[in-house]
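Student: Residues per chain, in single letters:
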Amino acid sequence: MHFAFSEQQTEFRDAVRQVLAKECTTGHLRAAFEHPEARGPRWSTLTELGVVPLTVPEAQGGLGLGLVDLVLVLEEAGQVALPEPLLETTALVAPLLAGLDAGAGTGSLEALAAGRVAAAVAPTSAAQAPVPGADGADLLVLATGTEADGNLELHLVDAASTTVDPVSSLDPTRRLGIPRWTPTPATRVASGPAAARAMAVTADRAATATAAELLGLTGRMITMTAEYARERQQFGKPIGSFQAVKHLLAGAQVRLEFARPVVYGAAWALDNGTRDSSRAASVAKAYASDAATEAARVSLQVHGAIGYTWECDLQLFLKRAWALAEAWGSAADHRARVLDSLVTGS
Amino acid sequence: MHFAFSEQQTEFRDAVRQVLAKECTTGHLRAAFEHPEARGPRWSTLTELGVVPLTVPEAQGGLGLGLVDLVLVLEEAGQVALPEPLLETTALVAPLLAGLDAGAGTGSLEALAAGRVAAAVAPTSAAQAPVPGADGADLLVLATGTEADGNLELHLVDAASTTVDPVSSLDPTRRLGIPRWTPTPATRVASGPAAARAMAVTADRAATATAAELLGLTGRMITMTAEYARERQQFGKPIGSFQAVKHLLAGAQVRLEFARPVVYGAAWALDNGTRDSSRAASVAKAYASDAATEAARVSLQVHGAIGYTWECDLQLFLKRAWALAEAWGSAADHRARVLDSLVTGS
Amino acid sequence: MDTPMDLRFTAAHEAFRAEARSWLADHVPPPRSLPSLDTAEGFEAHRAWEQTMFEDRWSVVSWPEAFGGRGVGILEWLIFEEEYWRAEAPLRVSQNGVFLLAPTMFEFGTPSQQERYLPAMASARQIWCQGWSEPDAGSDLAGIRSRAVRAPGDDGWLLTGQKTWASRGAFAEWCFGLFRTDPEAERHRGLTYFLVDMSTPGVTVRPIPQIDGETGFAELFFEEVFVPDDQVLGGVGQGWSVAMATAGSERGLSLRSPARYSEAAGRLVALYGDKLAEDPVRASRTADAVAQAWMDAEAYRLNTLWTATRVLGGGSVGPEASANKIHWSETDLAIHRAALALLGPEAEWHGDGVDAPWLDGYLFALAGPIYAGTNEIQRNVVAERMLGLPRA
Amino acid sequence: MDTPMDLRFTAAHEAFRAEARSWLADHVPPPRSLPSLDTAEGFEAHRAWEQTMFEDRWSVVSWPEAFGGRGVGILEWLIFEEEYWRAEAPLRVSQNGVFLLAPTMFEFGTPSQQERYLPAMASARQIWCQGWSEPDAGSDLAGIRSRAVRAPGDDGWLLTGQKTWASRGAFAEWCFGLFRTDPEAERHRGLTYFLVDMSTPGVTVRPIPQIDGETGFAELFFEEVFVPDDQVLGGVGQGWSVAMATAGSERGLSLRSPARYSEAAGRLVALYGDKLAEDPVRASRTADAVAQAWMDAEAYRLNTLWTATRVLGGGSVGPEASANKIHWSETDLAIHRAALALLGPEAEWHGDGVDAPWLDGYLFALAGPIYAGTNEIQRNVVAERMLGLPRA
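Residue numbers (my numbering), protein chains in the order written: chain A, 10 to 355; chain B, 10 to 355; chain C, 167 to 558; chain D, 167 to 558.
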C-alpha cells in the first residue's frame, strides 16, 4: 500500500505547470474563446514536453505510460482550462487505438505521438449527439449500432473525409460537432464484443480523466475566489473575514480535498484493471462533478455581480466546469451506476 | 380571494394558546413522557373549550366546523407538543365517523364530543403496522383487505374488546400500538369504494393536520433556539451574533414562513373539496416535514452539546418533530404523489 | 364584518382575467420573437410593445387611471401577471421604472413629480434605470461615495461619481440614483434620492458585457451633472429611507410576481413528462427535484396571496421581504437546476439555432442570489429583524 | 528510491489481516450482546473485553511491544480496524485514552509517564476520560476558567473548577484535563495539561442523561484536587499546544477509522437491497442518497490511505484534520439519514425488543457535527488556514 505519486510523476507535473503558466494564461484562453482551434502552438509544446505522446506505446514513438502518470497533468490542464483536446487525444483515443487488433491504429498512433493529430471520440453511437472536440479534430473514433442489437462497431474516421456540423457550447473551446459520415468496411476497426469492451473502457477512462480536469478547475475557482475575498472590501473589511463567505469557501475546499484521492485511486484501478475499476471511475466522476458544481456556485456567489461579467476571468473556468460536470455522465448518472454495481455485486 | 383567517378563528386560537401555555408546559410534557395517557385532565379542558368536539356535527353535540377552523389550533398543539390525540380524534376520526352511512358512527360521535373518547385510526390495513395513539385509545378505526383486491373494509373497534401490543417510539407520547383484533360484521362500518374513499380522505386530512402540528413544532424549536443564541456567550459575545448561527436560523425561518400558507391553503382546499385538494395536502406535508426536519437539525446544532441532553427541553420537541415528519407519509413520499398528480393531471 | 377564508377569485376577478387573456392573445408577439432587449434594436422593439400595452391600458393596470392605469388592486395585478406569463409575452423593458421606482414615487413623490414622470413611464416614452450600486458599494450600499454638491446658481445639485450594475443602463432615458449630499453625515445619513435625465451633459455610459456575452447592465459615470431641485425624490437627506421603500418592492411583492415561476415550473413539469418517455431512467432520477421545484413555485404563489390579503387589510411588508427574496431566488435556481438535470449532456448545447431557454434561464437564475441585495445580507436581516439575533 | 503508486496491501499486510480476522472470529462476543458501556455493568463488561484483547496483544496494535502493542504501523492499525468493525466487535470503552491521550503521551510524555500510564491504559486497568469543555467554554475552548494553583507543599497543584461533556466520565479511573495555571496570561497561554486520578479527594462526578435517556457523559467537579508535579503532561503553561495535538488526533487520523463508516455503508447498501424487494418505490426514491452515502464512506477510506501514506513518508496532518472532521461527521449523518429514509415510518419504532440500530446511530451521528470542535469552528479553520482568509 503506497497511495502517493512518484517523484518522477510530481516533477513532470511541475514541469507542465510551469509551461502552462506561461503558455495558457487567461489572455490565451480569451483568444481561444474567440477562435477555438484544435492544435495551436501549445499543442507542439505539449508534444515536445512528452505530454501528448504520454500514453502512446513506445513502439509508435510514445512514452507508453498510463492514467496514473497522466492524471496529475490533466489536473494541471484543468487548472488553466486548457483549450486543446488533451483529454480526448491522449487519455482516450491513444489507448483505444493501442488496444486494437492487428495494429489497425498504428499509423494514427505515430501521427498522434508526433503531435500531428487532434482526436475526438463519440461517447455514444447516437447519430445526432454532438461529439466533444469533433469540430476541428483530425481523427474521429465513431460508433454505430448497439451492444444490445449485437451490431456495435467502432470506426476510425479521417476528419478530412467527412463534414462535421458544429454545435456551439457555452464554452466555445469544447468544439462540439455532429459528424456527417458513412461507415465503411475500410473505417471499421472493431466490432461486436471487442467494440463494446473498447467503448466501456473508454467511458471509464473518460469519466476518470474528466474528473481529473474538474479537480484542477475546482482548485482554480477556489483559489481565485479566496484571493478575491481577501482583497474585496465591504463594511470596512475584506469580505473573506465574514463567516458566511468563509463557510461557503470552506465547504467547497473540503469537497475538493476528498475528491482528489478518489480520482487518483480510480486512475490506479483502471491502470491495474482491478475488479471494481468501473465503479471507482464512477465514484471519481460523481465526486469531482459535484465538487466542481459546488465550487462554481460558491465562486459566483462570493464574487457577486463582478463574477457575472465577461471581463472577470472566473467565467472562463465556470463554463468549462459546468460543461465537464455533465460530460461523460453527470454525478447522478454515475451514482446510479455505483449503486447498481454495489447491489449486483459486479 | 381572501387568504386569511377570520377574527373568530384567530380569537379561538388565542384562547387555546392561553390555556395550553398554562396546562401544557414542558413540565407537563416531561410527566407525559414518563406516563403517557390518552386522556388526562387537559382532555377535559380541551373538550370544555370546544376543541375536541370542533369537527363533530352539531346534531351529535359538536360544533360542526372544518379543518380551516382546526388548523390554527393544531398549530398551537404543535407549539406545546400536546401529548393528547387531538389530531387522531378530532381531525381524523370525527369527520370519518360523520361521513359514514346510516349513522353508524352516531353513538361514538356523541361520546367523542363529550370528551369520553380518545380515538386512533390505522393509516393502512397492514396488520403488523403500529397505529399511532392506539395504545390507550378508547376507539379504533381499523382497516382490512386492500382496494386493489376490492375487499377493503373499515371497522369501528371498541378498544376495550381488543388487546393492543404497545410499540415504543422515540417519543413515548406517540403511544404506538399494534391492535390484535378480529373483524366481524358487527364492527364493519364501510366497505368497497366507500371505505376506499374514507381512507383516502382521511390520509389527506392526516397529511394536512400533521403538517399543521409540524408548523407549531418548527416555530417552537426556532424560538427556543433563537432565545438560546441570544443568551449563550462564546468568544465574548452571544453566539447569535455569529453569521454562521444567524444563517442557520434564518434558513429555517424562511422555510417556516413559506410552509404556513401552503398548509393553510391545503386545509381550505380539503374543506371545499377542490379538484386539487389531495395534491395540496401532499405539498403541505412535504413542505412542513422538511421545515421541521431542518429546524430540528439547526436547533440541535446551535444548542450544541446541551441540546443533546435530557434536561434540555429541546429534546421534547425534536422527538415529536422527527416522528411526525415521517408519519402519514414522508416529504419524499408526498413529493412523489405531487409529481404523479401533475403528470397524470389528476 | 368577519370575512371567511376563500381562495377562489370572484366573478369580477375572473372577468378581468378573461379580458386580459383575450387582449394578450390578440396582441402578444410570438414567443422570443423580439430581439434581445439588451440590443439597441431590441430595446426599441420592447418599447414599442410597452406602448401597445399602454394604448389599451395594460402596461400599469394597478395605477390610477389618471396615470394610464386601470386603478385595479393588487389581486388584479397578480391575475394580469399570471396571464402575461402564460402568454409568454416579452420581458418588461420598463420594469425598473414600473415595478421599482413607481411604488416609491406614489409614496414619496410630489403631485407634480407624479404627473411629470408616471405617464411617461407608463407609456415607455421614458425608460428608467437604477443608479445605486458603486464599484465599492455593493452589499454595503451605505458605503456610497458618489456625491452631490449645491450648484452655483443654488437652484439644484451637481452630481459626481460612478454607478454600476445598472440594468437597461445602456439605453435608458432616465436614472433614479442615490448620492451623498452631506459628506459629514454617517453612512446611511446624508444620502439623497435623485431623478436624473441621462441626456444631461456630464453623464457617460459604459455597457458591461455579461458572462453570456450580452450587455445586460452598464456603468454610469457622472461628472458635475446638473440636477434641478425638483428632481429630488422624498427630500434632501432622506435618500436611505426612500431607497429602502424601493428595495422593499424589489425583494417583496412587486418585482417578481409568482406567475413568472409558476409558468417556468409548468414548463419544467412538461419537460419531465417528455423525458419520462425518452429517458425514463434519467427522468425518474430527477423526479424528486422536479417535484420540489414545482412545490417551491406553488409555495411562492400561495405566500404571495397570503401577503397580498394582509396588505389589502392594511398590513405592511417588513423583513418578510427578505425571506421572500431568498425564496424566489432559490426557487428560480431549483427550477432551472432540475431542468438541466433532465437535459443531461444536452444542457451545454447553446445558441446557433439550438434554442437553449433553460441554460439561459439558469445563467440568469444564478444572479438571483446576488442582485437586489445578496441572500447573505437577506439572511442577516431575517435573523436580526425576525428572530431578534444581535448584530455582529 | 521512487516508489510507484500501489493500492494493494502487501502479503505481510494480508497475513496480519488474516491473523486479526481469525482471532476476532474466535473471541468477539455476539454483536450487541454486551450491556451498554454507559451502565456500571456494561462498563465492566467492556473493560473485560479490552483485557481479553490486551492479553493477545490486540488492544493497541500500533504501540511498541514494551507497552503491550505489536509495534506495527498505521496501515496495520487501519487493517485491524477494518476487521474489528467487520466483526461487529464492541465499542472501545478505553477509546479516549487509547485514541486521544496516547498519541499525545507518546509525543509529550516523559519516559516514566509513558511507563506508568500506557500499559495500564492498554490493559484497560485504567480507563480515561477527557476533562476539557466547561459550561462556558465549549467552542471557545480557550475560555477555560478551571484553575490550578501551587499546593502548599510546593510539590504539586490544587485543581478547582468544573468540566463537562466527559464521555465515560461516570466510571473512568483517570482524567486528562486542561486547567489554567497562570490567571494573568491571555486565553491560550497559561493553560496546563494535567493527568488526574479520579479517586483523589475533591473530585465529584455527576452523570448527565442524554437525549436518548442513556448517561453518555458526565460533569466533573474539582475542589482543590491535589495533583503531583509528575502528572503534568508536556510542561506547565504548555497546555494549549499539547491539547491541540490531542485535538488533531480527535479530528484527524486516530479517532474515527474509515472502517467504522465502511461497515455502516455496507449495512446501508444491504438494507437498500432488502427494501428494493419489499418496497421498490421507496427504495428507488432513496437510491441517490444511498449511493452518495456509500461514496462518502469510500472517499473517507481513500483519503485516509492517502493521508497515512503521507504520514509514513514523514509528512504531518495540519488543518486537513478539520476538513477530515467535517467529512466524517457529515458522512455518518448521510449514512443514517439514508437508512431512515429507507425505513420510512418504521424509523420511529424504538426499543422494547424492536432493534433500532439505525435510529440510535442517527442520534449519535447528530452529535458528530458538535463534538470534537463544532463543524462551524472547523470551517473557520479550513477557511483561515487552508485558504488564507482573514480572521474576523
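It cannot be assumed that every hint is accurate.
Stretch by stretch, here's where chain B covers chain D in the computed footprint (C-beta under 8 angstroms, at least three residues) [claimed, not checked]:
id	region
1	440-454
2	506-514
3	523-536
Keep in mind the hints are simulated off the structure, nothing from the lab.
Note that the Cβ used here is the ideal one computed from N, Cα and C, for glycine as well.
Student: Each of the hints needs a verdict: does it hold here or not?
Tutor: Against the structure, the hints come out as follows:
1. 440-454: Satisfied; 4 residues make the cut.
2. 506-514: Coverage by chain B holds for the region 506-514 of chain D (6 residues, Cβ < 8 angstroms).
3. 523-536: holds (count 5)
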